[in-house]
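Line order of the protein sequences matches chains A and B. Letter by letter, the first sequence follows residues 1 to 768 in my numbering. Letter by letter, the second sequence follows residues 1 to 768 in my numbering.
In short, the hints are calculated from the structure, not lab data. Certain hints may be false.
Chain copies aren't distinguished; within one or between two, either way the pair holds.
Unchecked claim - Each computed BS3-like pair below joins lysine-lysine, with the alpha-carbon atoms no more than 30 Å apart:
id, residue 1, residue 2
1, K455, K178
2, K637, K765
3, K39, K455
4, K184, K403
5, K42, K465
This structure is a prediction, so every number in the text was calculated from the model and none was measured.
Protein chains: 2
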Amino acid sequence: MKRFFYTYSMLIFLVSCQLVAQTNSIKVTNTIELNRAIKNSKAGDHIVMANGIWKDIEIKFYGNGTKENPITLTAEEIGKVTMEGISNLKLGGSYLIVNGLYFKNGYTPSKNVIQFKIDNDLIANNCKVTQCVIEEFTQLDRDISDHWVEFWGRHNELSHCYLTGKSNFGPTLMVQLKGNEHVKNYHQIINNHFGPRPRKGGPHGETIQIGDSGTSMTPSHTFVANNLFERCNGEIEIISSKSNFNEFRNNVFFESEGSLVLRHGNYATIDGNIFIGNDNSDNIGGIRVINTGHWITNNYFYKIKGNEFRSALAVMNGIPKSPLNRYNQVTDVVVAYNSFIDCKSPWQFSVGSNVSQSDVLPATEIRSARPERVVIANNFIYNQIVDENPIVNYDKVDGVTFKNNIINNENKSEVKPEGLENKTVSIAKKGSNLFVSNENIHDIYAGFDFETVTKDLFGNSRTSKNNNIGAIVNPVKENAVLIDKTKYGTNWFLSNHVKTKSKTINVSTSEELISALEKANKNDVIALKNGVYQLKSSLVIKKQVSIISTKKNKKTELIFSSDNTAFEMLPKGNLILENVILTGNKTQNTFNTLDKNMSKAYNLFLDNVEIKNFKSVLEVSKGSFADTILVANSTIKNCERGFMLNKETNDGGDYNAEFVTITNTTFDNIQETVLDYYRGGYDESTIGGNLTLTNNTITNSGKAEKDSILIKNRGIVNVELSKNTFKNNSVKLIAILWGEKGQEPGENTILNSGKIEVVQNLELKLMY
Amino acid sequence: MKRFFYTYSMLIFLVSCQLVAQTNSIKVTNTIELNRAIKNSKAGDHIVMANGIWKDIEIKFYGNGTKENPITLTAEEIGKVTMEGISNLKLGGSYLIVNGLYFKNGYTPSKNVIQFKIDNDLIANNCKVTQCVIEEFTQLDRDISDHWVEFWGRHNELSHCYLTGKSNFGPTLMVQLKGNEHVKNYHQIINNHFGPRPRKGGPHGETIQIGDSGTSMTPSHTFVANNLFERCNGEIEIISSKSNFNEFRNNVFFESEGSLVLRHGNYATIDGNIFIGNDNSDNIGGIRVINTGHWITNNYFYKIKGNEFRSALAVMNGIPKSPLNRYNQVTDVVVAYNSFIDCKSPWQFSVGSNVSQSDVLPATEIRSARPERVVIANNFIYNQIVDENPIVNYDKVDGVTFKNNIINNENKSEVKPEGLENKTVSIAKKGSNLFVSNENIHDIYAGFDFETVTKDLFGNSRTSKNNNIGAIVNPVKENAVLIDKTKYGTNWFLSNHVKTKSKTINVSTSEELISALEKANKNDVIALKNGVYQLKSSLVIKKQVSIISTKKNKKTELIFSSDNTAFEMLPKGNLILENVILTGNKTQNTFNTLDKNMSKAYNLFLDNVEIKNFKSVLEVSKGSFADTILVANSTIKNCERGFMLNKETNDGGDYNAEFVTITNTTFDNIQETVLDYYRGGYDESTIGGNLTLTNNTITNSGKAEKDSILIKNRGIVNVELSKNTFKNNSVKLIAILWGEKGQEPGENTILNSGKIEVVQNLELKLMY
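Chain A extracted, bound-state conformation (with noise of 0.2 Å):
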């Protein structure tokens, strides 16, 4: 395949060449020569940059091409001319064509990557950037916010390019539309290849966003055809649409965490678009509706089982007369032809209506207004194990007009539209993840407007004589595939980077452990030989690294005596700690991250670890992000602090990990918290972190806890507490649940050590 792609990209550079030999072709090599030709090209001119890298390099690219005869900017060998180093670029002009340039190994000094102007006075029109990569050209600090890909001006094009790794704030991709000289912009973003995304930790994540709530009233008419969004993580938004007259088709968004959400704006239309997700997951999401006049048609939704915001189609309630940046009521929406296939209860209504929090907000962010003239038509849910409630309502469904949709098992929701009709359907495997009924259902309702939906989600027609509920018209071609991967992305890059097999490196001395973590490979196991390392120096963790006791029963201690951190973690440090003691002499912190630049999240593994006598157990920066933090099975006492994920507090929403889990794990004797894990601000949209606390136990701790509160959860939106015993300790609150958020106490031992206390509404700052 490899082999394959090169022998193609050579192909393409081997008749580019004889096209540029055809116009000007104006062969550069340096920062001076580059900007001589940008400065003096025509139409037609081909500007070849030169293979190799090209580093801390800002490129004004401007200049007037034509229709028939662009500027390009090409690299001389497809995929060997990357921008390293603190790069960007900007397009000024109009018919300009950037080809094959390879962002990696830095960032933008600016606020983007690629910006499709280069002043107010200097912007782009009818410009392309294709064949192009931005990978993990990332800011090294997660709360400086840029966008990879700008937009201004008018007819714009993104295509087959490959965007991934961006873990800092700011959509990867923003369209701009301040001023009349970027609205109407028609804009195509189309082909592309948005390859995974990580998690966050908080707002700000998106892969998409298309204007902002300053411009919802705007018409926009960008064109998102034909994408793939791979895992998308960033945020709960995998595009949030803010400007009116958008259109979304045939994009497959595949186990991203995250919808595609019709945030600000109107009258979108989102077509034949595919979405992915998988058993095991709750966050990924379909499409979320806000504001008026949407059309949702020919959809196909697969294994989509999220909740709420994160529903297969989650229609939700506005804000009577709202403000400009809050929510509209949904009015006006055409939701017809989509196939639901083992989706989870895919419709949910009047998601997040919060009329019950009346008490701790203002009237500005109580969403009571349920969604009002909605048509759901011609849809089909089709399970392969019983979905009893196919609906769920956040309450009255008395707007929306159901008509002619199809369920194959009876809908026990609390709300049964005649117009959802339970029917025995029999069901074709067409593809990988693709089902379609084996007959048309010809029994199709014909409302207002529908006469327009001319065609299903392979393009075939629907018509009078020949249609079907849900997305697919039989007969279906052969071979029909959902996902074609032909058709997003660049065409040489190779994005799913082989697997390094991990090996092992047996260890027996302090020495040798602190070589073997340097010359470690990703994945690789130090085997530590039994016995007692003295270290006076922190473990830099910088990569996936397992480090373990070749004996499980009989632990390896590793003894620190410097002031420093035991273990100090850097972006994209993995660290498997197995069957080890750690012991300090209580000056140090287990852990760290970096005190800045934490650009990339870290993770933390613990099993069978016994941790003691350290100051905390971990202490992060502000701008570190752990995705996940799992102890298991494991002994910490004797420490001041246990886990300190509390940091960031800028009360935006932001959070320091996604998911803390500790289980069957034992605190004795830690004096102040044993875990504080915090995130503040009022914002429905920012759906984490998840804390797991199960089947601990956790005695003679919190006595010098300032606010006498053992566990501290402040604005974690997902917390289980349950099955842990807590005896002796010498606080008021064992912790403090969120009740509107569906937190409980699980059965929990406690024994003189204060109560659980749960907080049906909290009182959180105002984001907005």
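Keeping the supplied structure of chain A fixed, place chain B upon it in accordance with the hints.
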């Protein structure tokens, strides 16, 4: 002229009869026949309503014509088929035409006189109402709300109609947008004559409203062109555009006390309209701008002397993150190629700025967001008499770009942009109210998308070789006229009734007086022979009539002995009293309105009148409305109360009188308040009423006034209180003035009479 119209309409009728003969003509003479004809109608049918009065008829006209063969409902003889009593018309279906119906002497039993739908399942599309008249078809009670023409569906038309005299709640013409069936409607409102709409005294008196705040994000595309708005004085908004993409072209706003207001919604086109004010009125406005993306081009403003909300061009401040129904910021608006001739301070920016009211208003009411990205270019300001302050700013003007505008005198405003250049321009009067520079000024600013403005006010081309600043490009065609009356309204209805000459009726007894009042024609004068008239019942005033003493120096006395009011004011009652003495017996009021059904305004003019021994001078009912109450050179004494205009207490911005002027008048021994004139509700856009109290003497009054206030004017926006003498009035306060509205006590003489208090910000009930 009348003859011409008659002949012309007969001609039309004859022609249409010929057409009818060729298609299927069905003459109907009663409701049963009409309904049968409608029920059986098919494409091409002409249903002809017989001449005469159709009383209490509710027509449901439905069917499906075709573009080539519409179904027509037409008058047998145009102008001779009248809908009277409790009547209305609803249309449903497609390609229906209603021609030549005349609504008068009644009102609608429903919410509309003409409605473009029958119900939600039978909506009109591609239907037309033409050559129809609705004349004073107004509800009996001002507080009952209706619309005369209500648009639903798509592609409907109101053309060549005449509508006048609506005095109750509700826009004359309303375009409804709730529901996908009604958006993107492309309705045509063309060539109509919107005749005088009287002042209403509060909001909801628009002539046209397109959508509402709840549909302000909706594309409407309503086309309003070539209409004449003549003295449409219903409220401060003549047209209230509350949706997107509406077009207003080549309309004439003639002495209409309000503005074309872009209240909600965006991207309006206002091109080639003419705004005619006059020397005396500062109530006549131009265009008021809110929201984003509007283009205001080729408009001609003549003698617009309004201020703030009513200025020729009022660009408002917005509310940051405004609630849906309040004020969005103005952004991305273009104002180009307009002419402002003899206007007063035509450009006003940040209108509505109210930061100073932060103490009494919530943050969601504070308009602090200044206009941004507004371009003002190629406009022409010309004043025959120097206007030193062409620009008024209520906040910083930092978001407006001025380019290539010309003014013929020095700009001494606080804001002096380079882009407004003082230049001597020779000008020619090319027609009535039509002034054009003698030579084109070619120095044109070519802003973004300016090339889309290809024509001038008269439709002449703007080219790179021949262009001009201002609305008009030379050469102007011979005999150009600003207002071509043949374009507007029907071809048969004469809206300007010939005024009848007033005659004088001499009377010498009470019986003769009562009889004369009954017999008098509009504008007649009843001359009282000197002496004393004993009256045992009320004098009923239901038309314009004068009652005067023949000898100015020797007043005739009318003595009232009944408990009933001396004068009963009916709708359209317009009483002029001169040189008379009115004497009560303390059991009755001098003037009363009806208790209800005050469907139209009344007026009261008193000159050299003595009023004594009454309860109240004037008592009104809630729904009543006086346009003008003028009292001059009179004496009022020994009454319990004076003028009680305080019954409209809905706190929705309404009030009981528009203009109240009392001058050179003496009040003595009024027990309670001299005047109670009330307007409730915080609404920045209901800018009434108007109270002038000058050169009066008020003595020995207020003894029994419970609030200890002599003159009550709560909520009245315009108050002048000067050169009065207050002596020995036992009150704490003479009056409370509203500082924020510029009210201040003039030079009054106050002796033993309390004081005049000025309150800067009045706390009023929020209306929204």
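Evaluation of the provided hints:
| no. | hint | verdict |
| --- | --- | --- |
| 1 | K455 to K178 | between (35 Å within a copy, 28 Å between copies) |
| 2 | K637 to K765 | neither (35 Å within a copy, 63 Å between copies) |
| 3 | K39 to K455 | neither (47 Å within a copy, 38 Å between copies) |
| 4 | K184 to K403 | between (34 Å within a copy, 25 Å between copies) |
| 5 | K42 to K465 | between (55 Å within a copy, 29 Å between copies) |
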